[in-house]
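Protein chains: 2
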Amino acid sequence: MKDLKQGTITSPLGFKTNALWCGLKQKNPDLGLIYSIVEANAAAVFTSNKVKAAHIEIDQANLRNNSAQAVIINSGNANCCTGKKGKQDALKIISGLAKNLDIKEKSVLIASTGVIGKYLPINKIISKIPELVKGLNFNKAEKTAKAIMTTDTYPKQMAVEIKLNGKKVTIAAVAKGAGMICPNMATMLCFVTTDAYIQPKALKQALKEAVDNSFNCISVDGEMSTNDTVAVLANGLAGNTQIKDKSKELKKFSATLKYVCFKLAMMIVEDGEGANKIIQTTIKGAKSKQQAQAAALCVVNSPLVKTMIAGNNPNWGRIPASIGAAGVDFKEEKLEVTLQNKIVYKKSSPVLKDNKVLINLLKKKQVSIDINLNAGKFSHTMWGSDLTAEYVKINTEYN
Amino acid sequence: MKDLKQGTITSPLGFKTNALWCGLKQKNPDLGLIYSIVEANAAAVFTSNKVKAAHIEIDQANLRNNSAQAVIINSGNANCCTGKKGKQDALKIISGLAKNLDIKEKSVLIASTGVIGKYLPINKIISKIPELVKGLNFNKAEKTAKAIMTTDTYPKQMAVEIKLNGKKVTIAAVAKGAGMICPNMATMLCFVTTDAYIQPKALKQALKEAVDNSFNCISVDGEMSTNDTVAVLANGLAGNTQIKDKSKELKKFSATLKYVCFKLAMMIVEDGEGANKIIQTTIKGAKSKQQAQAAALCVVNSPLVKTMIAGNNPNWGRIPASIGAAGVDFKEEKLEVTLQNKIVYKKSSPVLKDNKVLINLLKKKQVSIDINLNAGKFSHTMWGSDLTAEYVKINTEYN
Numbered sequence: 089m090k091d092l093k094q095g096t097i098t099s100p101l102g103f104k105t106n107a108l109w110c111g112l113k114q115k116n117p118d119l120g121l122i123y124s125i126v127e128a129n130a131a132a133v134f135t136s137n138k139v140k141a142a143h144i145e146i147d148q149a150n151l152r153n154n155s156a157q158a159v160i161i162n163s164g165n166a167n168c169c170t171g172k173k174g175k176q177d178a179l180k181i182i183s184g185l186a187k188n189l190d191i192k193e194k195s196v197l198i199a200s201t202g203v204i205g206k207y208l209p210i211n212k213i214i215s216k217i218p219e220l221v222k223g224l225n226f227n228k229a230e231k232t233a234k235a236i237m238t239t240d241t242y243p244k245q246m247a248v249e250i251k252l253n254g255k256k257v258t259i260a261a262v263a264k265g266a267g268m269i270c271p272n273m274a275t276m277l278c279f280v281t282t283d284a285y286i287q288p289k290a291l292k293q294a295l296k297e298a299v300d301n302s303f304n305c306i307s308v309d310g311e312m313s314t315n316d317t318v319a320v321l322a323n324g325l326a327g328n329t330q331i332k333d334k335s336k337e338l339k340k341f342s343a344t345l346k347y348v349c350f351k352l353a354m355m356i357v358e359d360g361e362g363a364n365k366i367i368q369t370t371i372k373g374a375k376s377k378q379q380a381q382a383a384a385l386c387v388v389n390s391p392l393v394k395t396m397i398a399g400n401n402p403n404w405g406r407i408p409a410s411i412g413a414a415g416v417d418f419k420e421e422k423l424e425v426t427l428q429n430k431i432v433y434k435k436s437s438p439v440l441k442d443n444k445v446l447i448n449l450l451k452k453k454q455v456s457i458d459i460n461l462n463a464g465k466f467s468h469t470m471w472g473s474d475l476t477a478e479y480v481k482i483n484t485e486y487n
Numbered sequence: 089m090k091d092l093k094q095g096t097i098t099s100p101l102g103f104k105t106n107a108l109w110c111g112l113k114q115k116n117p118d119l120g121l122i123y124s125i126v127e128a129n130a131a132a133v134f135t136s137n138k139v140k141a142a143h144i145e146i147d148q149a150n151l152r153n154n155s156a157q158a159v160i161i162n163s164g165n166a167n168c169c170t171g172k173k174g175k176q177d178a179l180k181i182i183s184g185l186a187k188n189l190d191i192k193e194k195s196v197l198i199a200s201t202g203v204i205g206k207y208l209p210i211n212k213i214i215s216k217i218p219e220l221v222k223g224l225n226f227n228k229a230e231k232t233a234k235a236i237m238t239t240d241t242y243p244k245q246m247a248v249e250i251k252l253n254g255k256k257v258t259i260a261a262v263a264k265g266a267g268m269i270c271p272n273m274a275t276m277l278c279f280v281t282t283d284a285y286i287q288p289k290a291l292k293q294a295l296k297e298a299v300d301n302s303f304n305c306i307s308v309d310g311e312m313s314t315n316d317t318v319a320v321l322a323n324g325l326a327g328n329t330q331i332k333d334k335s336k337e338l339k340k341f342s343a344t345l346k347y348v349c350f351k352l353a354m355m356i357v358e359d360g361e362g363a364n365k366i367i368q369t370t371i372k373g374a375k376s377k378q379q380a381q382a383a384a385l386c387v388v389n390s391p392l393v394k395t396m397i398a399g400n401n402p403n404w405g406r407i408p409a410s411i412g413a414a415g416v417d418f419k420e421e422k423l424e425v426t427l428q429n430k431i432v433y434k435k436s437s438p439v440l441k442d443n444k445v446l447i448n449l450l451k452k453k454q455v456s457i458d459i460n461l462n463a464g465k466f467s468h469t470m471w472g473s474d475l476t477a478e479y480v481k482i483n484t485e486y487n
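In order, the protein sequences belong to chains A and B. Residue numbers for the first sequence, in this note's numbering: 89 to 487. Residue numbers for the second sequence, in this note's numbering: 89 to 487.
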């Protein structure tokens, strides 16, 4: 596997992109388009929030035949809690785009991100579609990455290359997300482009596995979005032998897709609203996978743990307090808490008591918390952001 | 029922108190004592966190005979995650206090609050016990209320008077708690004193009901403490006929106790770390009581809802987003969201769209959110704090 320097979603063969400003944000591009020169196999995973953005039902319908050729994305407005009008608006955009691209409406996917509960300024968007399509080319990926940003401080994109049956195959992705980040999934959008030739069923499987091991393992603020979407377009232009279910090629493709999604997920955590640090929390010795996940989520979302890490505050007692409230099975006397590979708590008693040593341990950009419940054999790792006054400032004002 | 102006825990007959500084905090009193001149019937409710402070097991043992005469409380150190030594330390304090008061050790309750994972400076505490006992009197309640504070900005206490069978009965309470506040229960300590004469079984029942309807309905930050304790001492000096199970006197006593606990719970929310506002969240139309509670808790703990309220930010879409992630049953098209008695969202669509009107609605010290799931007949109300940069500051630094 080779990480491509400055790799983008146009690194795989046959993908063009464009972005422009249509007035959803005050300035900066807010409408992006990703286009494959041929129809691609496609799959997507969406938020499990019961309140869903308008685009999700439409995409689910359009993906019934497991293919797509274009994705249009707007930032600045989530088009969520907008009822029938919201869906009609999304369909109008799809219709306009399909006409301009001369493709079927069913080949278009759509996604929105931004404020909830406002109608899209539909005319502004529709009127810009011809310009958006006309400008499609192979070197606008950076602009598109910026167009899907909301509170992100930098665009998130990457591409890697692998060899499959002697053919070069490229997998790339662009993502956005900095707040409202919690599984399942993070509040985020991610679009994967690849020139791999792959069975639709295998593609679906690989995407689900990648998302479960990346975006579903991160939390910035415990909030689950209404708009989360991860979609992949695989246009087959690499010319590899088709990747099939249960093949060793699928294994390799899956591992690579997982790697790309994980890297982007880490960028999202690192760029978490107001975040300065990444907190890696591993639960070991849980009675079940569910309990390991619940415990990891509880710690990674604890405001007291998050502020403790933010402030290099040696108050590690907040960690057992958080675990104790997670509703998982363990005995207090068997609980072990490790901070940056140093045991701080074991056999119901403090182990590392020197505040100066503790403070120095915490003065790192990535802090690891390992918790052994000693109650079973399941484990789970999650990554989260610290909590700073800047997070509060952003979300008090964001509008 | 009569609210006593400047009522305190020494308002009921026969209760003395004292407080002093023994070096647990940098300054200000940090050790308090509540004492009934006669043995009292007693009951308590404790945290359901799996990691519990040392004092809890001891109190549970001492309460087996449903009576107590003294409560000693320290702030500045939670005596939690301190294993055997922590328990031995607590027992030493009890032993020293019992000797000085000339009462049985079993008649003493103990409680701690503060930093987790540090051993108590036991000698400092023990050496101050004679002075603490010597200074017991009827007018130190204010000082005691201050001695149990941690990040609280003001002491929380009150007393009310009722008539039972022609006799004046007084119920009073003191509480602390400002962060790590979430059911079950809030991170808080509360000590209720009353001169009522009441059956132990009836007292237990009344306390449980009062706590369920007060401290278990509030959340400052979604964190459940290791130390939560609500204890009541009823010394019978009012001379009323004994309040018995299922009597109309118990009904009146229970209602009054609930009122006192509710008032103190509201003081805790109002004084929530960094909080400027109280958010009252009511869920209606839930399929079960559990679902109503889960949904209310999810909204009241949502950082995005809390920052929205803090900033008079008209982004009400965060409320349906939060409900959608709560894991409760409802249909999006039946969801109704009301803010300050104005419907903002109904039939999947925004209703109140004027940002200026929305901002003005939010510019209140208490903000009410009403959510109708229209999925059943159960409801639940919770009270929480908004989230400000000050909360983050306090908990980044608190140590």
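In case anyone wonders, no lab produced these hints; they're calculated from the structure. Incorrect hints may have been included.
As the list claims (entries may be wrong) - DSS-like cross-link-like pairs, simulated, lysine-lysine; straight-line CA separation at most 27 Å: (1) Lys212(B) <-> Lys441(A); (2) Lys255(A) <-> Lys90(A); (3) Lys453(A) <-> Lys481(B).
Claimed, not checked - DEER-style ranges, computed between Cβ atoms: (4) Asp333(B) <-> Glu297(A): 55 to 63 Å; (5) Gly111(B) <-> Asn462(A): 35 to 43 Å; (6) Lys465(B) <-> Lys222(A): 31 to 39 Å; (7) Leu92(A) <-> Lys419(B): 43 to 51 Å; (8) Glu478(B) <-> Lys296(A): 38 to 46 Å; (9) Lys419(B) <-> Pro209(A): 24 to 32 Å; (10) Asn225(B) <-> Lys375(A): 27 to 35 Å; (11) Pro288(B) <-> Gln378(A): 36 to 44 Å; (12) Lys340(B) <-> Thr241(A): 58 to 66 Å; (13) Val445(A) <-> Lys115(B): 57 to 65 Å; (14) Lys375(A) <-> Gln94(B): 49 to 57 Å.
Built from N, CA and C at the ideal position, the CB exists for glycine as well.
Each hint tested on the structure:
Pair hint Lys212(B) plus Lys441(A) holds up; C-alpha atoms about 19 Å apart against a cutoff of 27 Å. At most 27 Å may separate the alpha-carbon atoms for a hinted pair to count; Lys255(A) and Lys90(A) meet this at roughly 14 Å. For a cut-off of 27 Å, the pair hint linking Lys453(A) to Lys481(B) stands: about 19 Å separates their Cα positions. Checked against the hint of 55 to 63 Å, the pair Asp333(B) and Glu297(A) passes, with Cβ atoms roughly 59 Å apart.
For the hinted restraint 35 to 43 Å between Gly111(B) and Asn462(A), the CB-CB distance of approximately 36 Å keeps it satisfied. The hinted range of 31 to 39 Å is not satisfied by Lys465(B) and Lys222(A), whose Cβ atoms lie roughly 57 Å apart. Between Leu92(A) and Lys419(B) the C-beta distance comes to about 45 Å, which sits within the given range of 43 to 51 Å. About 42 Å separates the C-beta atoms of Glu478(B) and Lys296(A), a value consistent with the hinted range of 38 to 46 Å.
Between Lys419(B) and Pro209(A) the beta carbon distance is about 28 Å. The supplied range of 24 to 32 Å therefore holds. About 53 Å separates the C-beta atoms of Asn225(B) and Lys375(A), a value inconsistent with the hinted range of 27 to 35 Å. For Pro288(B) and Gln378(A), the Cβ-Cβ distance of about 40 Å falls inside the hinted range of 36 to 44 Å, so the restraint holds. At roughly 59 Å, the beta carbons of Lys340(B) and Thr241(A) sit within the given window of 58 to 66 Å.
Separated by about 27 Å at the C-beta atoms, Val445(A) and Lys115(B) break the suggested range of 57 to 65 Å. Range check, Lys375(A) to Gln94(B): about 52 Å between beta-carbon atoms, so the 49 to 57 Å window is met.
When held up to the earlier numbered hints, the structure conflicts with 6, 10 and 13 and fits the remainder.
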